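**Student:** Okay, here's what each chain looks like letter by letter:
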Amino acid sequence: QKEVEQNSGPLSVPEGAIASLNCTYSDRGSQSFFWYRQYSGKSPELIMFIYSNGDKEDGRFTAQLNKASQYVSLLIRDSQPSDSATYLCAVINTGTASKLTFGTGTRLQVTL
Amino acid sequence: KAGVTQTPRYLIKTRGQQVTLSCSPISGHRSVSWYQQTPGQGLQFLFEYFSETQRNKGNFPGRFSGRQFSNSRSEMNVSTLELGDSALYLCASSFQGNTEAFFGQGTRLTVV
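Note that the protein sequences, when read in sequence, are chains S and G.
Per my numbering, the very first residue in the first sequence carries number 63; after that it's consecutive.
Per my numbering, the very first residue in the second sequence carries number 320; after that it's consecutive.
With the rest of the complex left out, here is chain G (with noise of 0.2 Å):
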């Protein structure tokens, strides 16, 4: 059974760009959050969709948003990139949302 799989793995972007991060969750899997985890806050909750709706969100400001699509896949997007959202960006899948979840091996940005 494969794993969560978050793309792209590196990222590197300059300040005032947006980007786009995908996650694959497990099949069958159809809670997907996403986390942020720097050094200083450790792991923070960004959202949780489940079934194409956003079900909670975490105390991030409006540039940060995802999408679910149909097959349970997830995109998140942040725009107007600061040096601040430098940080290593975690996707978890769970079945339905307060089992366990499992976690891609994350995208680590660098804003420049």
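Pulled out of the complex, with its shape left as it was, chain S reads as follows (with noise of 0.2 Å):
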């Protein structure tokens, strides 16, 4: 079982619509919940970060923290051309604390 674990997609979403992204981990000792973007050729640009149980907006984002279930989300709303790239979930475990351990990432087309 990988630590990580996304759908790679693509997830294809029309121009307004929500985009939904989700990610599983396995350790249980996580702490730390990152969200990068990354467009092709480019390097990962943190969007969101969420450290405890709920939901934490940043305009038209949202990241979701499950630690029961070991899920995390990202919402997109309003979903733009300019949002379609890979996303890349990460996390922080306790016995590592400054190792990021990544999913493959999920790629987001919006379609006009």
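It should be emphasised that the hints constitute simulated quantities derived from the structure, not laboratory data.
Possibly wrong hints are sitting among the right ones.
As the list claims (entries may be wrong) - With a cut-off of at most 20 Å between alpha-carbon atoms, the simulated SDA-like pairs for lysine to any residue come out as follows:
hint, chain 1, residue 1, chain 2, residue 2
1, G, LYS376, S, ASN155
2, G, LYS376, S, LYS118
3, S, LYS64, G, GLN356
4, S, LYS118, S, SER102
Stated by the list, open to error - Just the calculated beta-carbon pair ranges, DEER-fashion:
hint, chain 1, residue 1, chain 2, residue 2, range
5, G, ARG392, S, GLU65, 28 to 36 Å
6, G, SER370, S, GLY91, 18 to 26 Å
7, S, ASP117, G, GLN424, 28 to 36 Å
Predicted, not measured: the structure shown is a model, and the values here were computed from it.
Note that CB positions come from ideal geometry on N, CA and C, so glycine has one too.
Both chains are sitting in their own frames, so use the hints and assemble them into the complex.
**Tutor:** Have a look at this one:
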């Protein structure tokens, strides 16, 4: 079982719709959770982080964390073509406090 | 506030050579981590430095090494390059390692 799992996609959503990206993790000791956006040929860009159970909203983005289910998600409201990218989920485990463990990423395509 | 700066951006090296990559973190950040990104393996953690000490190390051979200077700048060295070392090498800076990490633009290394 991979430590951090994401559906590779592509996830295709029409412009203006809500995109829902999901991530599960295996280590119950995971303490910090991050979502990065990566455009082709570019480096990852941090878009959201969440440390506590529940929802965290920032503009069009909402991160949701459920530690009991070991599940973290990212919602993108009013999706735009510029949101088309690969979204990487990353976690920090308690035992390796400075190491980000990444999923393989979900490719999102926002269609006109 | 300046972001994370990696140099050089591109490198072409021959098998058997060695290479040194440089990373300047965001001002005030004391943690610098290095990652390798390849299409097949995704983002893999190499190592992390905090206050000139390596705190965490990934599963890479000893040919991969690093160091951090008193000004928090970090270098990564790869000796005896192999074709499989061709990848995007990313540096990430964070305040103390277990908080939000920001990536540099990366160094794309091609080994021929």
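**Student:** It remains to establish, for every hint, whether it holds in the given structure.
**Tutor:** Hints, one by one, checked against the model:
For the hint pairing LYS376(G) with ASN155(S), the CA-to-CA distance comes to about 14 Å; that is within 20 Å, so the pair holds. The straight-line distance between the Cα atoms of LYS376(G) and LYS118(S) is roughly 31 Å, outside the 20 Å bound, and the hint therefore fails. With a C-alpha separation of about 17 Å, the suggested pair LYS64(S) and GLN356(G) falls inside the 20 Å cut-off, and the hint holds. A distance of roughly 27 Å separates the Cα atoms of LYS118(S) and SER102(S); the hinted pair therefore is violated under the 20 Å criterion.
At about 30 Å, the beta-carbon gap between ARG392(G) and GLU65(S) stays in the expected band of 28 to 36 Å. Hint check: SER370(G) to GLY91(S), Cβ distance near 24 Å, so the stated range 18 to 26 Å holds. For ASP117(S) and GLN424(G), the Cβ-Cβ distance of about 32 Å falls inside the hinted range of 28 to 36 Å, so the restraint holds.
Hints 2, 4, counting from the list given before, are not met by this structure.
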